[in-house]
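**Q** Here is what each chain is made of, one letter per residue.
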Amino acid sequence: MTVLERVKLYLLNLHFYIFFILLSGTVIPTLTLFVIILRPISSRRGTMKRFRRAINWYGKIIMAIPFPFIRVRYEDEGKDDRDKPYIFVCNHRSASDAFLIGVLPNELVQIVNVWPFRIPVLGLYAKFSGYLNIKRMPPEQFRQKAMQLLDDGVSIVFFPEGTRSTTGQIGAFHGAAFRLALESRVPVVPICISGSENIPPKGSSLLRAGTIRFRRLPAIVWNEYKDLTAFAFKNRVRIIIEHELRIMENKA
Amino acid sequence: MTEQEIIDKTNKVFEESFEIEKERLVPSAHIFTDLGLDSLDVVDLVVALQNSFGVKIRNEEKVRDIRTLQDIYQFISSVKNEEDKKSI
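Chains as they are written, first to last, in this note's numbering: chain F, 1 to 252; chain C, 1001 to 1088.
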């Protein structure tokens, strides 16, 4: 890396983190206030819906800070109903993937590991929003809570690799998303995220310039997967995502 | 039922229900590390084996001890023998 490139990298990150802190310090209280003001005149369900949509907006705003050095392209090939629940299944390369999810127009809850709950302020919001910690929850409790969310019309986002991939290769999938789909009969939507691997790379906080492509594929409906075991289903979806990523990255 | 029939039928369960390629189905294959199943997939496996062999699998301790395909062949063989003895 040349000196000029290094300077550009530090300026980009200085710009991002200053605005990240400033915007988080204003957007989070504003959105919270908005939800609190409307709370007395709306049901708990309505409040949660607004709160989750506010989190989507926060994610969108954060990902817009480094524009035009970092661009996000949302490609919707599904055109599904935004008011119906879906199970979204995404590949995972970067910590920014959790913010990118905000581009989806649906009311969402993410299935996360232990560490997102430990982030100051954001961890509290994740907890209040009903994000599920799959590592700390017995399978039966997880199943009940996830089924309740889907019954309420809330979509659930899974990163079934369980951790960020550092090789660019997609890792083995865990089966929880697919068992939940088989039980709930909710459509499964594969999501391909390409270009986020350096924004920031695993083990670093420095964002690199680039374009992130977020491609939402058509939903796989109950009739298409009802005869599969969770194991076979997860491997089919993994192949779909892997194939699509190759096309997106011109490796097919 | 011969030993070879048990092997063929068990492998067919893995091929059809789990879509695992025939070449990977060797007796020493570890069902978790080599074939990629997890503990909850074992529940689906037990159901598929029950349907395929027409047996009831109840002994949870023995199921928990299963690690390789060879363990499954032996387990099915023992379940079949017990059922045959009961029916005599």
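It is worth saying that the hints were derived from the structure and are not from the lab. One or more of the hints may lead you astray.
[Unchecked claim] Among the chain F residues that face chain C by a calculated CB cut under 10 Å, a handful are:
id: 1; residue: Tyr74
id: 2; residue: Ala172
id: 3; residue: Gly175
id: 4; residue: Arg179
id: 5; residue: Ser184
id: 6; residue: Asn223
id: 7; residue: Tyr225
id: 8; residue: Leu228
id: 9; residue: Ala230
id: 10; residue: Lys251
[Unchecked claim] Now the in silico label distances, taken between C-beta atoms and shown as ranges:
id: 11; chain 1: C; residue 1: Glu1019; chain 2: F; residue 2: Ala209; range: 54 to 64 Å
id: 12; chain 1: C; residue 1: Lys1012; chain 2: F; residue 2: His243; range: 24 to 34 Å
id: 13; chain 1: C; residue 1: Glu1061; chain 2: F; residue 2: Ile239; range: 51 to 61 Å
Fair warning: this is a prediction, and the values are worked out from it, not measured in the lab. Don't be surprised by glycine CBs; every beta carbon is placed ideally from N, CA and C.
**Q** Hint by hint, say whether it matches the structure.
**A** Checked hints:
no., hint, verdict
1, Tyr74, "violated (32 Å)"
2, Ala172, "holds (6 Å)"
3, Gly175, "holds (6 Å)"
4, Arg179, "holds (6 Å)"
5, Ser184, "violated (16 Å)"
6, Asn223, "violated (18 Å)"
7, Tyr225, "violated (12 Å)"
8, Leu228, "holds (8 Å)"
9, Ala230, "holds (6 Å)"
10, Lys251, "violated (23 Å)"
11, C:Glu1019 to F:Ala209: 54 to 64 Å, "violated (41 Å)"
12, C:Lys1012 to F:His243: 24 to 34 Å, "holds (27 Å)"
13, C:Glu1061 to F:Ile239: 51 to 61 Å, "violated (36 Å)"
The structure is inconsistent with the numbered hints 1, 5, 6, 7, 10, 11 and 13, although it conforms to all the rest.
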